[in-house]
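K.L.:
Protein chains in written order, with the numbering used here: chain A, 1 to 349; chain B, 1001 to 1349; chain C, 2001 to 2349; chain D, 3001 to 3349.
Be a bit skeptical, because a hint or two may be false.
Heads up, incomplete: computed chain D residues facing chain A, CB under 10 angstroms, no partners named [unchecked claim]:
no.: 1; residue: Tyr3009
no.: 2; residue: Ser3184
no.: 3; residue: Gly3186
no.: 4; residue: Pro3190
no.: 5; residue: Asn3193
no.: 6; residue: Leu3196
no.: 7; residue: Glu3201
no.: 8; residue: Leu3336
no.: 9; residue: Ser3337
Partial pick of chain A residues on the chain D-facing surface, computed with a CB cut under 8 angstroms [stated by the list, open to error]:
no.: 10; residue: Arg188
no.: 11; residue: Pro190
no.: 12; residue: Val241
Ranges of calculated distance between the beta carbons of each label pair, as one might list FRET restraints [as the list claims (entries may be wrong)]:
no.: 13; chain 1: A; residue 1: Gly207; chain 2: B; residue 2: Lys1061; range: 20 to 30 angstroms
no.: 14; chain 1: D; residue 1: Gly3207; chain 2: B; residue 2: Thr1258; range: 31 to 41 angstroms
no.: 15; chain 1: D; residue 1: Thr3304; chain 2: C; residue 2: Arg2142; range: 51 to 61 angstroms
no.: 16; chain 1: C; residue 1: Arg2142; chain 2: A; residue 2: Ala334; range: 33 to 43 angstroms
no.: 17; chain 1: A; residue 1: Val65; chain 2: D; residue 2: Leu3112; range: 41 to 51 angstroms
no.: 18; chain 1: A; residue 1: Arg142; chain 2: C; residue 2: Gly2282; range: 47 to 57 angstroms
no.: 19; chain 1: B; residue 1: Ser1035; chain 2: C; residue 2: Lys2191; range: 14 to 24 angstroms
no.: 20; chain 1: B; residue 1: Leu1019; chain 2: D; residue 2: Leu3112; range: 26 to 36 angstroms
no.: 21; chain 1: A; residue 1: Asn51; chain 2: D; residue 2: Gly3207; range: 22 to 32 angstroms
no.: 22; chain 1: D; residue 1: Asn3272; chain 2: B; residue 2: Asp1067; range: 48 to 58 angstroms
no.: 23; chain 1: C; residue 1: Thr2053; chain 2: A; residue 2: Thr123; range: 53 to 63 angstroms
Hints in this document: simulated from the structure, not taken from any laboratory. What you are looking at is a predicted structure, and each value in this text was computed from that prediction instead of being measured. Virtual Cβ for every residue (Gly too), placed ideally from N, Cα, C.
Number of protein chains: 4
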Amino acid sequence: MAVIGASGYGGLQTIRLLLDHPEFEITFLGGERSSGKSWSDVNPFIPIPNNLTIEIPDPDKIAQVSDFAVLSMPNGRACQIVPHLVKRNVRVIDLSADYRFRSLDKWNSVYLNESRSINRKDTALCETAVYGLPEWNCNAIRSADIVAAPGCFPTASLLPLLPFLNQGMIEYDGIIIDAKTGTSGGGRSPKENLLLSESSETISPYGVIGHRHTPEIEQMASHIAGQEINIQFTPHLVPMVRGLLSTVYAKLRDPGLTSEDCRTVLATIYRNNQFVEVLPVGVYPSTKWVRNTNKAFLSVQVDTRTSGIVLMTAIDNLIKGQAGQGVQCLNIMAGLSEDSNLPTNTYYP
Amino acid sequence: MAVIGASGYGGLQTIRLLLDHPEFEITFLGGERSSGKSWSDVNPFIPIPNNLTIEIPDPDKIAQVSDFAVLSMPNGRACQIVPHLVKRNVRVIDLSADYRFRSLDKWNSVYLNESRSINRKDTALCETAVYGLPEWNCNAIRSADIVAAPGCFPTASLLPLLPFLNQGMIEYDGIIIDAKTGTSGGGRSPKENLLLSESSETISPYGVIGHRHTPEIEQMASHIAGQEINIQFTPHLVPMVRGLLSTVYAKLRDPGLTSEDCRTVLATIYRNNQFVEVLPVGVYPSTKWVRNTNKAFLSVQVDTRTSGIVLMTAIDNLIKGQAGQGVQCLNIMAGLSEDSNLPTNTYYP
Amino acid sequence: MAVIGASGYGGLQTIRLLLDHPEFEITFLGGERSSGKSWSDVNPFIPIPNNLTIEIPDPDKIAQVSDFAVLSMPNGRACQIVPHLVKRNVRVIDLSADYRFRSLDKWNSVYLNESRSINRKDTALCETAVYGLPEWNCNAIRSADIVAAPGCFPTASLLPLLPFLNQGMIEYDGIIIDAKTGTSGGGRSPKENLLLSESSETISPYGVIGHRHTPEIEQMASHIAGQEINIQFTPHLVPMVRGLLSTVYAKLRDPGLTSEDCRTVLATIYRNNQFVEVLPVGVYPSTKWVRNTNKAFLSVQVDTRTSGIVLMTAIDNLIKGQAGQGVQCLNIMAGLSEDSNLPTNTYYP
Amino acid sequence: MAVIGASGYGGLQTIRLLLDHPEFEITFLGGERSSGKSWSDVNPFIPIPNNLTIEIPDPDKIAQVSDFAVLSMPNGRACQIVPHLVKRNVRVIDLSADYRFRSLDKWNSVYLNESRSINRKDTALCETAVYGLPEWNCNAIRSADIVAAPGCFPTASLLPLLPFLNQGMIEYDGIIIDAKTGTSGGGRSPKENLLLSESSETISPYGVIGHRHTPEIEQMASHIAGQEINIQFTPHLVPMVRGLLSTVYAKLRDPGLTSEDCRTVLATIYRNNQFVEVLPVGVYPSTKWVRNTNKAFLSVQVDTRTSGIVLMTAIDNLIKGQAGQGVQCLNIMAGLSEDSNLPTNTYYP
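Work the whole structure out from these sequences, hints included.
P.N.:
Printed below as a string of structure tokens:
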């Protein structure tokens, strides 16, 4: 079991989730910023059994000691190593966006800056990579060589939306997603706007109109709806470390439906998905309720005056929105119970 | 100059703004929770010149020493004293919702719990009270006996929305307001959900569908649009003390309009309103930029793919969203420059 | 296994820690504020297997279904039920201060307000109750009928201090403890000073000179030192939910000792205590490193200029500082491994 | 009036305080990171009258348009330009540490890293520069060519300590300062440990034993006491943007003194210093009370059991701890009232 990108939040989180996993052993830690340092130098607060040294990720070395690799690297970097890993029969869970689009051309256009400096030729890998939303793609994940774990915003937004798109219960036009995330979504590399002094005691929108998660959401939404869907997606930065809330607005086709009806739809579709909890009507999710867990808490409310439906999801952006979902996929790929070693209860408050 | 409700945040804020005002002198402090205590007992950190004692608000006594009264009381309480003040020629700025609806029946239905325990007969006062949004009602405010300062959410949401409704540039149907506020909007009385332990490190929606600011927004929006408008409004509680961000979604009628066009609309309409700042296209407001000021920072972005328009406003919920707007109205009523003693620059960060 | 005081933070935390404990089953939930409600009504975000109803704590009923009871009640309340539980052979872990002093007179004087309204007669129980600091009292805890879990400040302060007192390495005079805690230490009952609006973005001292944890610290320090010790203890409220940092200042008797020497003392004494981690010299503990764990991170630094020794401890005030320590004691009392089901690794950040 | 280092927090704060100053006009903005950009590009939220362009600080150009310069540059940078400014008759307020030590040798040893790469020859300037603590050095500041504004920790720690040292009321040995600061003290340049994700929800000590403010505090304390004094100083990083609390521990020489006695000492000495507020005994300062103001709130408590005295000060680290104190000095140097344009009341909460 290799973890590449070990010192960022995604890697750190993955390692934390695998620490006492009954079936996996971490045998390789890859990283660039921290290569050459031992794990405990960088993270004295989370001891790992053998205190591995962080190494430059070399495919041969990784393949010698690992059947699986979780990659938590910047966009445009995973795709430079994944083909080599796959060739060596290392199955990959990639937490970046590199394999989230079935079409490489699409990726090239959405991740324009990243694509400029590299010349990807892994069209076929993009086509076979599986979008790692286990609640909708479990079977494909099981046998995949490459699983692309979804982005945090797509995870929170698609979970409540897909059932209604799938059933044709909402209008395809005019879907609006207003999402709010904590600062850990911006990563561990220092940036001025993520300093506590700057991001505390304030909220602001960012990436209005052109955020890269928009086409990712649209790809999956369109796939499930069976037709092209455009979505208005606006993320906001919230003064908290972890947590992501997505508030989704759409119009019901049948204005007679009630909140209870819609709750039943969600509860039915997700009845066997232990990480998805559908709240009673009138109870709205708080991100604190899912912090440090792999849960998604969903709620739905219908406004009979406007025929509007309001869908709300809270997740932990670093767990169900990133590393936890990666481990959930890993469990499935390895033939284990999908909840192996994944936390479901928060420490409150 | 009387301030009633002096120990809550609205009253405290009003007093702070009037402290060194060149034209007003605070001569009466009213309150119930704190009556009998001197100001400095309750707030050792903000000295006021004469260290007044907080008193039960008696209309005769107030009228003896004041031409104006700012009321910052719970809903359903201001309306029990306002008729007595008006009869005694005290002009009132009410920060509560009691006079925000022209129709008393409407108030009775929206503030159902409050209306149950009282039997308001001040229909006429409701009809003549002026909705205190100075950027749209300045002339009426000048001569009003009762000004009802708007709610914080309506202020932030109406400022960017009214120009487009007024010009008929957006569709009347399907307007969505997703708003985010700090905890001070919930007041100073202790409540479990507003404890730092509960409300820190989390974001959650509340009052989904039925929030009382919805009909208030709709009343003004309908008035300006010249036709009945229904709005989908969802507030969220954000882990910060002050600040309110409103993100408003609508559809443009003319899909050819650009962000720059729409920015020009806002800039033109508000060119003489010094408290409204329209940001350059691509710059999005952060509530920290307006903290402790009476400013509203507006931004607009158009999505040509969806014909959607995204309007964003940041205000300080306790200043432009409450006490500052009250003082702005007070300045206008007193024939002063509307910006007398109102802060416009924040201390950053 | 009964938990009394289930809806406060101490009770909630205890329940969370016992949720998936391999050896204990929660069979009774006691509470007053929430009695009659089912658990999931109060805490929809943490499901418990059988969704018990919270009941008024009746000793007979508790004794029927439980061998152990964890009490998380206000000071002066536990002592009203503990004698009845002990008589019925229920072994008690009390998270309040009621049994922390061997002398009832001492308790009466320190908890003066509480003692006024009750007339405690359980002198003998006070004398036999064991102070539940497992790193120092493990054997006594094993066979105790009543364990009084230490306060959060005493836990964090005593752990680094006792070794040096025990060895006579520091002067007994002039010990200063400057401690800092998050707001959850103030409990879940709404209080104005604990509102996010009030306690966020600020730090302040409280209880200067007369804090009730002072005599608790002094009792244990004196006991270990073998002589009366007076301590200057000042707590501060920090704008964070969880976490407690204690910075302890004392004078070394032997000015030739180095930081490494003193680190060795700590490391040696705690070498078999898996919840105490002594950091390398120059690494200082951050409360985030122990959040949601039962760990205490210790660090020591010597100033050769002043012969001063600075001891630092970080704990999670609700886990190692309260409920986790309670469960640690419970494990010991039940003859289990003391770390059964107790978390040791945080989710960072 | 020139401000150099305009885009950091010190410069930004200085500019904000000078914005509507009745006697000063900002005529030059100097900076390196942002040189060539207009002010509004960098800070769209604080408009300045003439929207100056930030320029590389050239002494000739500065001298042409300014009588005074406030420098807010990294340590070791101010000293490279100050001699040139002084020669051109520009009077300097330096917010860095470059001129805080009368002895250049001392500076070279304390700021070892900085001194290595430069070879300072301005011994004479160091000797004539005035330590800008106006409450103690007002006369010297008035005629100074160079004022070195004190560090934030020294300001908060010296204000309550100096009166007792001056009067010989406390023992010179065993003084302990435990200080707590918000993250803005760490500046605006991105650093991992100052990210919200890292520094939120945690408190930790740093610079234990060797912090550079120790010798600065000792220099002034020794000067006032008339004898060499060693101090144990430990700073802590608190999850808030602004604010600094210093808790100072010492031993009274006369054990019969009460808290009221000691409060009287402070109140008497500072009776003419409007920025120093001595709180009633039993009221402890909260940094929120002084946020965005130039005030220092002091409190004192005596423990008769231990003869200990506990001194507490709250300031805003960026105002009284930095830029506000700089402007206070500037006012004095310019022969104005020292409180010109300096804020004294916070917006609470």
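K.L.:
Taking the numbered hints from earlier one at a time, note which ones the structure violates and give those numbers from smallest to largest.
P.N.:
Hint check: 8, 9, 13, 14, 15, 20 and 22 fail, others pass.
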